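**Student:** Could you put the whole structure together from the sequences, leaning on the hints where they help?
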Amino acid sequence: IADSSKYNWEGDAPLHRAFSKTVIYELHVGGFTRSPTSRLPDQMRGTYAGLIEKIPYLKRLGITAIELMPVFAFDPYDAPLGKQNYWGYAPVSFFAPHPHYSANKDPLGVLDEFRDMVKALHRAGLEVILDVVFNHTAEGSDQGPTFSLRGLENETYYILEKNRRYYSNYTGTGNTLNANHPIVRRMILDSLRYWVAEMHVDGFRFDLASILSRNEHGVPLADPPTLLDIENDPVLAGTKLIAEAWDAAGLYQVGQFVGERWQEWNGKFRDDIRRWVKGDPGMIDILPDRLLASPDIYEHEDREVAQSVNFVACHDGFTLYDVVSYNEKHNEANGENNRDGHNDNQSWNHGIEGPTTDPAINELRQRQVKNFLAYTLLSMGTPMLYMGDEVMRSQWGNNNAYSQDNELSWFNWDLPDWHPGMLRLTSELIRLRMNYFTGREDENRTLAQVLREARIEWHGVHLYAPDWGRNSHSLAMTVFSDRAERQTHIMMNAYWEDLDFELPILPNRLRWRRVLDTNLPSPQDISRLRDAVIIDSQTYRVKARSVVMLIAGT
Numbered sequence: 001i002a003d004s005s006k007y008n009w010e011g012d013a014p015l016h017r018a019f020s021k022t023v024i025y026e027l028h029v030g031g032f033t034r035s036p037t038s039r040l041p042d043q044m045r046g047t048y049a050g051l052i053e054k055i056p057y058l059k060r061l062g063i064t065a066i067e068l069m070p071v072f073a074f075d076p077y078d079a080p081l082g083k084q085n086y087w088g089y090a091p092v093s094f095f096a097p098h099p100h101y102s103a104n105k106d107p108l109g110v111l112d113e114f115r116d117m118v119k120a121l122h123r124a125g126l127e128v129i130l131d132v133v134f135n136h137t138a139e140g141s142d143q144g145p146t147f148s149l150r151g152l153e154n155e156t157y158y159i160l161e162k163n164r165r166y167y168s169n170y171t172g173t174g175n176t177l178n179a180n181h182p183i184v185r186r187m188i189l190d191s192l193r194y195w196v197a198e199m200h201v202d203g204f205r206f207d208l209a210s211i212l213s214r215n216e217h218g219v220p221l222a223d224p225p226t227l228l229d230i231e232n233d234p235v236l237a238g239t240k241l242i243a244e245a246w247d248a249a250g251l252y253q254v255g256q257f258v259g260e261r262w263q264e265w266n267g268k269f270r271d272d273i274r275r276w277v278k279g280d281p282g283m284i285d286i287l288p289d290r291l292l293a294s295p296d297i298y299e300h301e302d303r304e305v306a307q308s309v310n311f312v313a314c315h316d317g318f319t320l321y322d323v324v325s326y327n328e329k330h331n332e333a334n335g336e337n338n339r340d341g342h343n344d345n346q347s348w349n350h351g352i353e354g355p356t357t358d359p360a361i362n363e364l365r366q367r368q369v370k371n372f373l374a375y376t377l378l379s380m381g382t383p384m385l386y387m388g389d390e391v392m393r394s395q396w397g398n399n400n401a402y403s404q405d406n407e408l409s410w411f412n413w414d415l416p417d418w419h420p421g422m423l424r425l426t427s428e429l430i431r432l433r434m435n436y437f438t439g440r441e442d443e444n445r446t447l448a449q450v451l452r453e454a455r456i457e458w459h460g461v462h463l464y465a466p467d468w469g470r471n472s473h474s475l476a477m478t479v480f481s482d483r484a485e486r487q488t489h490i491m492m493n494a495y496w497e498d499l500d501f502e503l504p505i506l507p508n509r510l511r512w513r514r515v516l517d518t519n520l521p522s523p524q525d526i527s528r529l530r531d532a533v534i535i536d537s538q539t540y541r542v543k544a545r546s547v548v549m550l551i552a553g554t
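In this text, residue positions in the sequence shown follow the numbering used here: the first is 1, and each later residue adds one.
Hint data in this document are derived by calculation from the structure and do not stem from the laboratory. Since we're looking at a predicted model, the values are computed, not measured. For glycine and all other residues, C-beta sits at the position ideal for the given N, C-alpha and C. Among the hints, a few may not be true.
Taking CB as the label site, the calculated pair distances span [unchecked claim]: (1) P56 - A360: 34 to 44 Å; (2) G354 - G151: 43 to 53 Å; (3) E328 - R193: 36 to 46 Å; (4) F147 - D190: 17 to 27 Å; (5) G259 - N508: 41 to 51 Å.
**Tutor:** Pasting the structure below:
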């Protein structure tokens, strides 16, 4: 009998990187390399081994952690007739890597291939976060299949209705795990410990995490035992814990999630930044909060600013390119007559629905994607990018591609060659965030650290006179660090016309250097400080719908 404990980790261990120095990249193990454009051998495409081959790309991009969509063994047939479950939110085992993601079909080989992937990612300095599903299983409703838990002890493992035949459905998937029952709680803890101790993962993102606060009657608990156990478990000490702090039944706990160690997906950042960038009125008062880690949501908890996980796009919804290319969802391929998926996408097609050959619209769309990337990567909090957004990946308007295991969802490896400027901009934005100061060792702090410690002054097009009116679409901020010569000035124009912004006067010998202007073509759109263009005038014309960042330098 093969012994899985014999695996040679070669000294590997979780990396324990601080959230303040983390940039997350959400990806799908299968979809990342399944396309023929990955140029991998057929047996390696869509596998843990295939992901290893693409580590140089992840390093080039500059992210520090990958968040893997579900890799627990799941039911690929949990999908409409004729479709396959692609996303993986249909677990059948909490202790086994999904075998279809392995090039090695031997059961022990699957474990070793997953471990090889984790070890290779750690050697490259990349953390591994698992998207885990402890809110439901693939057994579904009373009409679903029986795999294990239903047959073992139905009333223990699931929250049931008064008529015990039926399942409470707080997840939108047919059943709800009874997460705070002592037996289920033990199973969840044992699973998490297994993935940390035996598989060396660095953390977890909990799908529909608010479910884990409900008791056997579905009532939210003030002190849910499962969440407190996860937070205080010694084996899980130092791991990253990220909550999707809501569920499908309307329980919304963003900013109020139980516990001290949890970071949270900030859905309000996504929605408000989308609305600001497309020019909705009434967003000017909200923008500063979103740029500064949403203190209106989190400040009362006295947490680190990294608690807010900021994203504009993720697996659930439009890709970033589709946010600027479609007004409506186009989920016809799912076979549900376009009824599935979100209807409130806060998107804008900029004049034409879907692909176009109009150069003006394409240029504007690209600029808006640049803006989204800038807001995500230059804001306080923990930034998260979705697979392919850095190279304009589209799902052709599908905002619920859970059953699309095909080219619609897969990463197209021709895109980095087609959009090298976007890839460069994203990589340089990450570098700017991670190494805001360059030079002496004591200046090696991230932008998030600088912003938290800095004094900030707000402006409009005129200095010290921000326009907080409902119809304002422009804002500027000057960031004063602990050293007078380290000033940053960011100008944001979400208006449809160019605007001239006044620039603050700098101390002697210092001059403004332009490190970012999303209106400019690549490679002029972003520069390192030593190569940045000097701005000698007292004003700067910020083009319509663009973001500019200046840093004081000699």
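**Student:** Of the numbered hints stated earlier in the document, which are not met by this structure?
**Tutor:** none
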